Amino acid sequence: MGEVVAGARGRGTEDVRRHNLAALLGLVHAGGATTRAEVTRQLELNRSTIGGLVGTLVEAGLVVERLPAADATSGRVGRPSLEVRAREGGAEVLAGYVDVHELQVLRVGLGGTVAGRRTIALASPPDPETAADLFADTAADLLAVGPPDVVVGVGLAVPGTVRTEDGSVAYAPNLGWDDAPFGDRAAKSLTERTGRRVRVDVANDADLGLLAEHRRGAAVGLTDVVYLCGTYGLGGGVLTGGHPLTGKRGFAGEVGHMGVDPDGRPCRCGSRGCWESETLASAWAQPFDLDENAADIVDLVLQRLGSGGVVSRRTRDKLSRAFARGLANMVHLFDPQAIVLGDGLWRDLWPALADDVLPWVDRFVMPAMRAGVEVRGSALGRDSTVLGAAELAFAPLLDDPLGVLAGQASSQSPARSS
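So the sequence shown is residues 493 to 910, counted in this note's numbering.
Keep in mind the hints are simulated off the structure, nothing from the lab.
As the structure is a prediction and not an experimental result, all values here were calculated from the model.
C-beta atoms are modelled at their ideal positions from N, C-alpha and C, and glycine is treated no differently.
There's no promise every hint is true.
Label pairs and their calculated CB-CB ranges [claimed, not checked]:
hint	residue 1	residue 2	range
1	Cys761	Ala525	25 to 33 Å
2	Leu850	Gly798	12 to 20 Å
3	Gly734	Glu594	27 to 35 Å
4	Pro754	Lys810	12 to 20 Å
5	Ser540	Ala887	27 to 35 Å
6	Gly798	Asp671	36 to 44 Å
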């Protein structure tokens, strides 16, 4: 018989309790208000165990319990099941999305409730330092209005490849960033402005858009999805078998830089004939001669495509074929249940182009792989990326609720100086 290590049983019990607390908080976060009875059914634990877990999360300030509204006023006889929901003003995260012409910043509570929002227009792509400082300034303004008990994390999205281990941006061609320590600068700036020392995580915008749509939007319940987004580029996130496709360094999903024409146009990434550069050029190149960096590029493209005439028709056909070619490649490579068009140009253009694009997709995709694949717009609209950044920031809390709160206890006083 093997030797029993002192404390092993205790550690095992603690691990089980941590797992159960995380599972319960995850249910409330993803599904909203629920009842003790429903939690008991889903977690397959006895009622007394559920009662203890709920009590722990209530004491931690993460959830509240109350009678469901219908039961509180109905005069119904019998003991009702208490409703469990996220506590407003308890644990929140900060989320930001830096794009070419815009910075979005949100305060988000458990359950995905947006507690505050700012959108900052940018005249040109900001450098990493400016973006980090502007995010921190905006976040400080949001926190000044009814500050939460604790900020458990910060999630930031950028249109580029990100080293997830340290939050540095390896390459973001549309922003002009190269090897930028964005996460560190944002953390430092936020501490200087708020006195809060908070974990900052940075990730690719398409990966985060996919995360949000899978958690709360157009990809809920799906296991195999390609998510596409971008206005000044074309990024992708891939879910396969229910798991995100990340690659060795976390750089997977750069589908916009898939080569489609070796003799094509130069791309900002340094290559030539990328799906991104070929498709975008079809939208705004001559004879429309649009400024590809214009802040209102989506409106300009839609106006031109709807203007009628031979030139408009030719451009519509060219753009539809170019986009369909890439969509067909997504089907052949990843065999998805759905392709979700997220925040940016392609979601906005889809209603005007779907009838032109889909016949080309049918033509380009092998018949055996075409059946059942749906191309759909995002359910979260322009918020998909920044809400995904919020989900990224919540991940540690949802994995270990009490551990994260204990780690933040000494660093969350707004009056504390760094």
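Each hint, compared with the structure:
no.: 1; hint: Cys761 - Ala525: 25 to 33 Å; verdict: 45 Å, violated
no.: 2; hint: Leu850 - Gly798: 12 to 20 Å; verdict: 19 Å, holds
no.: 3; hint: Gly734 - Glu594: 27 to 35 Å; verdict: 32 Å, holds
no.: 4; hint: Pro754 - Lys810: 12 to 20 Å; verdict: 18 Å, holds
no.: 5; hint: Ser540 - Ala887: 27 to 35 Å; verdict: 29 Å, holds
no.: 6; hint: Gly798 - Asp671: 36 to 44 Å; verdict: 42 Å, holds
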